[in-house]
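Chain order of the listed sequences is A and B.
Residue numbers 1 to 706, in the UniProt record's numbering, belong to the letters of the first sequence in order.
Residue numbers 1 to 706, in the UniProt record's numbering, belong to the letters of the second sequence in order.
Keep in mind that the hints were calculated from the coordinates and are not lab data.
Remember, identical chains collapse to one label, so a pair may be satisfied in a single copy or spanning two.
Straight-line Cα separation of at most 30 Å, DSS-like style, residue types lysine-lysine; simulated pairs:
no.	residue 1	residue 2
1	K566	K683
2	K320	K303
3	K134	K205
4	K151	K444
2 protein chains.
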Amino acid sequence: MHSLSSQVARPLCSPSSHSHYFRFLSLSLPIFHSSKSHPKIFTISPKAPLLTVRNCTSFSAKPSSELRNKRSNSDSDEKLRALRELFSKPSVGIDAYIIPSQDAHQSEFIAECYMRRAYISGFTGSAGTAVVTKDKAALWTDGRYFLQAEKQLSSSWILMRAGSLGVPTTIEWLNDVLAPGGRVGIDPFLFSSDAAEELKQGIAKKNHELVFLYDKNLVDEVWNKSRPKPPNKPIRVHDLKYAGVDVASKLLSLRSELADSGSSAIVISMLDEIAWLLNLRGSDVPHSPVMYAYLIVETDKAKLFIDTSKVSAEVMDHLKNAGIELRPYDSILSEVEGLAAQGANVWLDISSVNAAIVKTFNSACERYYQSLESKTKSKTKMYDDSNGWSGGPTGIYRVSPISLAKAVKNDSELEGMRSCHLRDAAALVQFWVWMEEQIKKNMKLTEVEVADKLLEFRSAQPGFLDTSFDTISGSGANGAIIHYRAEPDSCSVVDDKKLFLLDSGGQYVDGTTDITRTVHFGEPPSRQKECFTRVLQGHIALDQAVFPENTPGFVLDAFARSSLWKIGLDYRHGTGHGVGAALNVHEGPQGISFRFGNMTPLQKGMIVSNEPGYYEDHAFGIRIENLLVVKEVDTPNRFGGIGYLGFEKLTFVPIQAKLIDLSLLSAAEFDWLNDYHSQVWEKVSPLVDGYAREWLWNNTRPLVKL
Amino acid sequence: MHSLSSQVARPLCSPSSHSHYFRFLSLSLPIFHSSKSHPKIFTISPKAPLLTVRNCTSFSAKPSSELRNKRSNSDSDEKLRALRELFSKPSVGIDAYIIPSQDAHQSEFIAECYMRRAYISGFTGSAGTAVVTKDKAALWTDGRYFLQAEKQLSSSWILMRAGSLGVPTTIEWLNDVLAPGGRVGIDPFLFSSDAAEELKQGIAKKNHELVFLYDKNLVDEVWNKSRPKPPNKPIRVHDLKYAGVDVASKLLSLRSELADSGSSAIVISMLDEIAWLLNLRGSDVPHSPVMYAYLIVETDKAKLFIDTSKVSAEVMDHLKNAGIELRPYDSILSEVEGLAAQGANVWLDISSVNAAIVKTFNSACERYYQSLESKTKSKTKMYDDSNGWSGGPTGIYRVSPISLAKAVKNDSELEGMRSCHLRDAAALVQFWVWMEEQIKKNMKLTEVEVADKLLEFRSAQPGFLDTSFDTISGSGANGAIIHYRAEPDSCSVVDDKKLFLLDSGGQYVDGTTDITRTVHFGEPPSRQKECFTRVLQGHIALDQAVFPENTPGFVLDAFARSSLWKIGLDYRHGTGHGVGAALNVHEGPQGISFRFGNMTPLQKGMIVSNEPGYYEDHAFGIRIENLLVVKEVDTPNRFGGIGYLGFEKLTFVPIQAKLIDLSLLSAAEFDWLNDYHSQVWEKVSPLVDGYAREWLWNNTRPLVKL
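Could you build all of it, start to finish, from the sequences and the hints given here?
And the structure:
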């Protein structure tokens, strides 16, 4: 599955910090900024879910057409009226309110109760920002969702087609429509500290003030009783045989990093970082096995802020053993204030930790110094040239140390990833067999029915828990829509006349998968074969790359494009993203992309996807995706005294031979294909039988070059 | 010829602005900065000359051994004593003086009279910085020159082995040895404005002040009568048939860019930019056909600051036709003051224009506003939100617009480049024939003799003017020294037992060449064949690359390394640099390098070298270099509606087949080689006859894969 930066033109700039990779999901569009000045803002999730989540999740919503029927103008107007009424309350006093898509943790997949932007606007796409003033309401979204937003928004809303010529950013618009000196309210939990700061500076140009409304999210007040409860699914211990390293050891390493940085505490808000560090898994959101929580780790203690109803006796034991205390989820701010009062140096990743936490900490620091000053009647805040402020609380703003630790997998995590990939492959083999049968029987299967059937096969595999993202099931022209999400009432039929692109993945107890295959059930035209073959050549070139240690992923990106470039083709998304081990299907800090701002070197044990593609608008889409593990390569030389790295494949599913124009392949590429297929047979055939085994043999047996 | 960033570890950071590419030649070492904080400072010239320049130049110097004999301790001490005596003069008053390698124009090759660092220290290497305090003298240079500096420096000097563990930068050293509040003097002409600013800020940490000594270079005062006169070789008009565009048209374009930027004038100090803009060529320095001058272009006039004794009647006419007035070289500062007094907005590329000019302009601006203020008794300096300061003089700091204009060659320039490359190839063919004869006759030729003979063959070609850099003639282990410069008294013999690397180039009336070939005159061991073949595969991969418009060169760099990486090999220099048309052999702004800070896209008409290599310390060196022109490729598709680019070869000289392990080549690589050689035969055979023609056939005839 691809990691897309933007559907707009090939941007040659890139996120300034890779930790932003999945942290700007809904902020992701040129809403606050123009693309030029803030390219990082273009980082969007390729598979962020719509509200209409089917299967394996605790909630469901209606297709957009139904929503549209329900969402009358008066319904929408009533919500806006109720929201605006709150503007003038004494404790509020604002002229505009911004409602982003985020939850408080910059999650890619969020719980329904946090889908405030969808609730207030009626627009259910995964990316968008709503801004409501006293007399206007506007919604920004990107090209993927223009049609859907047109359908779903009532006439009370202005649709802002972000990225289109002449469309202002939210900041530009606010600066335009508000009288100077306006007060712009936000829920500071829903903005990373970084994002809030940029917003604050942007509107300050017209003397507007950014107002943090800590106490209550205004949309929640309007939503009121019909708002779903926050999820409280039980959490479970992630078995040490899959996690590989116990919590005590992970905390030891983290505390050593804290000590090295001069920090006495860290506030962690990314849900996958908490799950990884504590060897816990949850199911509060679809696709990502995480639970809503904050974590504060100090030198001698650690506190998990969570709804305790999720915590079973076993989990409680597990946490107690690791010295983790429980605190109510809502008490995070008072705890952060307490850290400042104790004079703690607190590590904060301001690209992920929300503005409510960072601002609360900073304000508490100020109070600390003021109180000290008034007591001693002298300036006691001491500046030490080498260590900065000393003798009092300080915020240490750095990228979270857990991001990299989590990205470099240990042997147990890799073993789990290898194992679940074979079971996943078995499910896919059964699925492809079934598909071919249906096509032969001339069954008119829709893209949604196909995805549902795939889920059925996956669900039958031991340890399967959930899909790792919403399946992209794209037939013909739909395959060319990179973020395509088939809807039951509008999707296409899969048949033997069109290319079919299937990008899907599973969450298993022991690992996470993500695979794309493109197939043709009839006779593919030569144009499609040529394009497919060149995508495959790019896939092989990246798969086979060997490179020195300390090489950032973007250096390898051109390998995957070179073959397409030769005939003037390209694709508008990155080539690879990080993948968690039984965790988020998208994770940082590494990546392989033409956006070359991410300087994170690829390291042994990191997992990346290898997913070049080609998309012909209104015609067809091609993507071939395997997951890879970065491994050491035992090269005969080690120039520079450093190690050389390469990749081990995790994914073992046949690549459809009929789509390959063998005459284009070099001898080495031809050998790669036969070797890959022989490995697929060897590894997956023991897991399937009967006709599936026969199918697997037919689809992996050596090709002979004519 | 390669463009090397550093001989130290593979730096994954890179120059922040590509215009620095050749502008930090002598500053180039970690002298002012640590490599971490200022990676750009590592940009050094691979072929910057030593003082000992032989052939085709107006001056000559002795081999270093002779210099050493002459340079006694007392001689050196006397110079230092005389220099220090000047420190306490009332108009000076400094505690330390920094003597860099530069001239006032950031030139790669400089005239002898400007080699002040060599004069004062006795060290004649191309890169180094001398710092003299009242009681200490230290010289910084890099690994290439440690041995030479040890030999040449008297005991009065401390040798600072830049880049070695624990060796301070000049700033660190000054901050260490000077008592706080010291005054550090420099000749502000010899520092770019950028570099002076960094120096100023660096020493300000210990409250030292940077003192600009405009009036007289202190080393020149010591040098006094024995100092060579500044060069005054006649300049010539660069024929329109080679230049392609007349001066009037170039000035028109430049003035249009000035207008677009809101500038009313530009100060140009890079010598190749002046030569290109005015279609003039000179011979003030070796290897680069330029003349010492400054140029100021205003909206309605232009002034060339030059020693008029260089200007013939023909050149005078040419300049008059283009509306260029002449001014004395030394009057540049007063003219710059005049621009400020007139209220001009002056475009200054502060990465190349020296600190004397920029500071003089800024001071004059301040005086302008002060005088206006005192006249009107009110603050008349108006700030306009969109255009910055208005109604008065302003410095507009931008990269020189001529750098890019010069890099994109027009058809006439390309025609000249193609033509001179064939004559250069004919000379090389004759040379290789001669070489093989000498080896057969068992003549013990030294590396220097070989280089001299090559010059002889080149000199016989029509339109030959000069070598384009000091020939790198490296036999055996010397080939592994990337910046190797053979010295008559110490160099090796070329024989049939060792690899021989020859990197050389010529300046012709119509173009500039730069080519490297590596050959073996006997039986190459298989290790050398494997390495050579992998370098060749990298060379072919870059040569054959096709890529979308707007691709910066660094994206292609990995193509040239991939084949070496597979067996754990690499090389520590960039893969390609820009080349001028009958101008400097090194030019920006484009490049192809693993240092990925240079975002300049490759554009149609740009010239780059393609020179991957491999160097095995104390054993052998391999490099294969052709020059390439970026061209449009007529791809069958144009994804994204943009053009796709590739390369046309300029260099046509055989690649030695006996060094190729054909079994490693893919079918496409094999075909490339035969196709290249057939082009070499077709293009070069008409220019040679007799045995040379026979040799050419033998070395270009189709290979057959067994």
